[in-house]
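Asks: Use the sequences and the hints to build the structure in full.
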Amino acid sequence: MKNLAKSIGVIVLLLCTTNTIYAQSSDYQITKEFENTYRSLEASIKNATTIEEADSLNNEINKLRETYAEHQSLIDHALYPKTFDDSIQDLLAESNETEEVLLIIENQGERLTSLNEQIANYQTEIAFLNNETDSLRTLIAKSEESEQNLSRLVQQYRQRVEKRDEFVLKMMDSLFVAYRELEMSPGSNNEIASSAIAIQQGDNPLDFIEATIEENIQVLKAGSTELGTEDYLKMHTIQKRFAETWNKVGGDLSQVYGGNESQQWKSKIDSQLKDWKASTSKNMWDSINNTLEQNNVNIGAFDNNQSFYTAIESFINNSVESSKDKIISDKNREEFNSFYDFWTSKVKNEWGNYIQDGEVLTMSQISTIDSELITWKDETEPTSYVIPILLGLSFITIVGLIIVLTRKD
Amino acid sequence: MRINRITQTLLGLLLITVASACNSFVVENVDYSQQLESVLVPDENGNVTDVRHGISFNVNALKEQEFGASDSTKQIREIRLIRNADGFYFITANQFTNVYVMEPGKGSLKLKNKIKVSESPLEDPAFNLRTSGVQLVMRDTNEVVEMNERGILKNKEEQS
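Protein sequences appear in the order of chains X and V.
The opening position of the first sequence corresponds to residue 1 in this note's numbering, with each subsequent residue numbered one higher.
The opening position of the second sequence corresponds to residue 410 in this note's numbering, with each subsequent residue numbered one higher.
Simulated from the structure, these hints should not be mistaken for laboratory data.
Among the clues, some could well be false.
[Stated by the list, open to error] For the chain V half of the interface with chain X, some residues (derived, Cβ under 8 Å), not all of them: (1) Gln444; (2) Leu445; (3) Ala535; (4) Asn537; (5) Val546.
Being a predicted model, the structure only gives us computed values, none of them experimental.
Glycine included, each C-beta is placed from N, C-alpha and C at the ideal position.
Replies: Below, the structure written as structure tokens:
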């Protein structure tokens with residue numbers, strides 16, 4: 001708007017000048033007015049901000065040339081050493097240069113706008129990503145917190161599980177014993193009934209049993225990374241003992257403490273025990289498999305006691321067979337060493353008690369594997385050729401002696 | 410050898426002739442004309458300088474000549490001068506009624522002619538140089554007076 005006003009000003013000045021020239025006819029005045037218009041146009045060119053404005057100034061310059069063309073020699077004299085033509089050319093050059101610069105600026109402006117838009121988009125995206133990062137950070141914090149809680153729970157569980165399971169087992173045993181004693185004493189039927197009622201009024205042991213099994217199942221299903229193979233073996237052993245005890249006394253306990261719902265209690269706990277067993281087995285075998293993988297031992301698939309034993313035996317036998325009558329390579333020896341480490345340090349030393357108690361492997365199976373391992377070890381030992389060579393040399397010496405002695409005779 | 414008086418006189422005359430011949434060397438057809446008038450603003454002492462045309466003088470003498478020594482109320486705002494082809498300076502200023510035709514001398518401008526151009530003081534005078542002579546344009550009245558160093562040639566209304 002301001003620039004438009006300036007352009008209009010120049011036009012007005014030019015018109016006024018033209019009029020004055022004819023009105024006064026002073027040569028000096030003509031040259032001065034030319035110079036003033038020239039300076040005004042020059043200033044307008046310098047201050048032009050749009051291409052349209054520069055274009056319009058180009059027209060004004062041409063008009064100036066036309067207006068003052070008849071006074072060219074006069075203006076040449078006034079502008080000496082410059083000339084009228086030089087001045088007009090300079091002005092046109094300035095105007096064109098300004099127009100080019102403005103064109104560049106306009107293009108740059110468009111690019112700048114586009115870049116600003118891009119920056120705005122990036123900023124939005126960054127803001128979005130920042131929000132997402134914050135959310136993720138919050139989630140991670142929560143996750144870490146819950147991980148810590150889980151860790152703490154597992155630790156507590158480890159401390160409590162044995163005591164409590166032992167307690168429940170003992171409780172089941174003692175209840176069963178007490179029940180048997182009552183059953184054997186005279187007039188026991190009434191006493192059993194009254195004792196059962198008395199117990200029912202207090203805490204029902206079936207509730208304890210159910211809660212214990214349920215908690216074990218939940219812990220196993222949570223699948224915490226804090227629990228190792230040893231823990232799962234321990235749980236397997238406890239579960240086994242629990243199931244054995246329940247099989248012995250479960251029916252009677254259900255009858256005594258289950259009241260009218262004895263059958264339901266029995267079925268419920270039976271079903272829970274199946275779940276518990278399945279979860280324990282799955283976790284235990286998976287964990288053993290992971291340990292084998294970490295030790296770079298691949299014995300094949302297994303998911304129960306028998307398949308575990310069979311897999312170990314097949315693995316050893318195959319290894320022995322492949323080593324027989326062959327030059328022992330480093331790979332064979334490494335394979336043996338890896339399995340040997342797993343067997344001795346893990347299975348026998350760390351997990352030994354639970355392997356036996358939980359009957360993961362029987363003593364006889366362990367002995368068989370031990371003896372097979374000795375065979376395998378022999379096969380992987382480097383063969384010594386010293387004895388066969390010595391025997392060969394002895395044989396040649398004896399034959400030589402016999403020949404010498406025979407010739408002497 | 411003794412040179413006689415007649416010989417001495419003849420030699421003297423010869424030398425004077427040669428010297429005279431050297432002094433009379435002249436470049437003809439010099440055009441002193443100044444295409445555009447100079448408009449000069451006097452400083453506080455009345456001095457004006459036209460750098461482009463190489464002249465500098467004091468306007469106080471002109472002021473005294475125009476207004477009289479006793480009138481100190483009149484001031485020369487700007488003085489206008491132009492030189493014609495013969496080298497005479499035509500000088501005037503606002504409030505003047507005359508144009509002063511000055512002949513340049515050795516360190517001086519000597520009055521050649523004082524041309525009365527108006528009965529009333531000039532408000533906005535200007536000089537133009539034309540082939541016929543020097544024009545005085547009185548822009549306030551749109552009058553043009555053409556003159557040379559000897560005086561006014563013609564007086565006409567400026568036709569635009």
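Asks: If a hint holds in the structure, say so; if it doesn't, say that too.
Replies: Hints, one by one, checked against the model:
Among the interface hints, the one on Gln444 of chain V holds; its C-beta lies about 4 Å from the nearest C-beta in chain X, closer than the 8 Å criterion. At a threshold of 8 Å, the smallest CB-CB gap from Leu445 of chain V to chain X is about 6 Å, leaving the interface hint in force. A cut of 8 Å between beta carbons decides the hint on Ala535 of chain V: the least distance to chain X is about 4 Å, and the hint holds. With its C-beta approaching chain X no nearer than about 5 Å, Asn537 of chain V sits inside the 8 Å limit, and its interface hint holds.
Given the 8 Å rule on beta carbons, the hint for Val546 of chain V holds: about 5 Å separates it from the nearest Cβ of chain X.
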